[in-house]
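Visitor: Residue-level listing of the chains:
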Amino acid sequence: MHVTIESPQPGITVLRLVGELEMQNVPTFRQTLQTEVRRAQRGLVVLLAEVPFIDSAGIAVLIEGLKWSHARSLPYILAQLPPAVQMVIQLARLENFFTVAHSLEDATTMILGTS
Amino acid sequence: METPPDCLTLSIPSNPRYLCAVRAFFSGFLHELGFGSVEAEGMILAIHEACANAITHGHQGNMEQQIDLTVLVTPTCLSIEIQDYGTRQDVSGIKPRALQDIRPGGLGTYFMQALMDEVTYDSSDTGTLVRMTKRRRVPCTSP
Chain Y
0 MHVTIESPQP
10 GITVLRLVGE
20 LEMQNVPTFR
30 QTLQTEVRRA
40 QRGLVVLLAE
50 VPFIDSAGIA
60 VLIEGLKWSH
70 ARSLPYILAQ
80 LPPAVQMVIQ
90 LARLENFFTV
100 AHSLEDATTM
110 ILGTS
Chain X
0 METPPDCLTL
10 SIPSNPRYLC
20 AVRAFFSGFL
30 HELGFGSVEA
40 EGMILAIHEA
50 CANAITHGHQ
60 GNMEQQIDLT
70 VLVTPTCLSI
80 EIQDYGTRQD
90 VSGIKPRALQ
100 DIRPGGLGTY
110 FMQALMDEVT
120 YDSSDTGTLV
130 RMTKRRRVPC
140 TSP
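Just so you know, the sequences run in chain order Y and X. Residue numbers are given in numbering that gives the first Met the number 0: position 32 of the first sequence equals residue 31, and the series is strictly consecutive. Residue numbers are given in numbering that gives the first Met the number 0: position 129 of the second sequence equals residue 128, and the series is strictly consecutive.
Just so you know, these hints were derived from the structure itself, not from any lab. Accuracy of the hints is not assured; some may be wrong.
The following label-pair restraints were derived from C-beta to C-beta distances [as the list claims (entries may be wrong)]:
(1) X/R136 - Y/G112: 41 to 51 Å
(2) X/S123 - Y/E5: 45 to 55 Å
(3) Y/E94 - X/T86: 34 to 44 Å
(4) X/D121 - Y/G112: 33 to 43 Å
(5) Y/P26 - X/H30: 54 to 64 Å
(6) X/D116 - Y/E5: 50 to 60 Å
(7) X/Q112 - Y/P26: 40 to 50 Å
(8) Y/T34 - X/S91: 51 to 61 Å
(9) Y/Q30 - X/R16: 46 to 56 Å
(10) X/P74 - Y/P81: 48 to 58 Å
(11) X/S141 - Y/S102: 47 to 57 Å
(12) Y/I4 - X/T86: 13 to 23 Å
(13) Y/E104 - X/T69: 31 to 41 Å
Idealized CB from N, CA, C, for every residue including glycine.
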């Protein structure tokens, strides 16, 4: 799994994940996520379109990211959820816990609307 | 006379890097047995979580141990046994956490129970055996 970090708008950080988000690579992603939550100014978007598999460790780090963001009052949005990730989030009954956007554009609009 | 189950075995080192091999194995195999893609994805997650628990809790992160998977196929169901050789666990304490308690961790056993028809645990001084069973929606005349 690898992560690219983008900034489509000033202050908005986008983490684009490619690959499986599971116990093998969660520790590395956790560090990246923590750093970027600290660094982001207006909001953070996690793009999951290219994540074909997520496990409980992957869900756990996404929950941590939300909690770190809440502590900073930073908007935190999961976007472009593929069916496999949607299934796991629904199974964990977290669909109303996370803010979810269909596209990066929607996520950016949501963040700009809150700031 | 009842047909004996078909039996497959798979052994992996207790290293998270090999979990992708387990998932790849079951991905093809479950489709071959007639499970639909959504059901198969759920079963693969449950098997992955059981192996992850064997690494984390059974072998306590020691990546030089072994995990054995035994798959039993009958005309009506599929059973997967995951055996680690780690420390004895208090299986009475293994339970999914309440979902309203939103925090990182504790979801793996919940996923296993939600996605399989039956999950049992047996732990001794020689390790822990997790047995998960899933009924086949379209029973076959042979395994």
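Visitor: Now look at each hint and say whether the structure bears it out.
Guide: Hint-by-hint comparison with the structure:
1. Checked against the given bound of 41 to 51 Å, the beta carbons of X/R136 and Y/G112, roughly 45 Å apart, stay inside it.
2. For X/S123 paired with Y/E5, a C-beta distance near 51 Å keeps the hint of 45 to 55 Å intact.
3. The hint said 34 to 44 Å for the Cβ distance between Y/E94 and X/T86, and at roughly 37 Å that hint holds.
4. For X/D121 paired with Y/G112, a C-beta distance near 54 Å fails the hint of 33 to 43 Å.
5. Taking the beta carbon of each, Y/P26 and X/H30 are about 32 Å apart, not inside 54 to 64 Å as hinted.
6. For the pair X/D116 and Y/E5, the beta carbons lie near 43 Å from each other, so the given range of 50 to 60 Å is not met.
7. A C-beta distance of roughly 26 Å is found between X/Q112 and Y/P26, which places it outside the suggested range of 40 to 50 Å.
8. Take Y/T34 and X/S91: their Cβ atoms lie about 40 Å apart, and the range 51 to 61 Å is violated.
9. Here the CB-CB span from Y/Q30 to X/R16 is close to 19 Å, at odds with the stated 46 to 56 Å.
10. The hint said 48 to 58 Å for the Cβ distance between X/P74 and Y/P81, and at roughly 34 Å that hint is violated.
11. Checking the proposed 47 to 57 Å range against X/S141 and Y/S102 shows it holds: the Cβ atoms sit about 48 Å from each other.
12. Judged by the Cβ atoms, the range 13 to 23 Å given for Y/I4 and X/T86 is violated: they are separated by roughly 40 Å.
13. At about 49 Å, the CB distance of Y/E104 to X/T69 disagrees with the hint of 31 to 41 Å.
Of the numbered hints listed earlier, those contradicted by the structure are 4, 5, 6, 7, 8, 9, 10, 12, 13.
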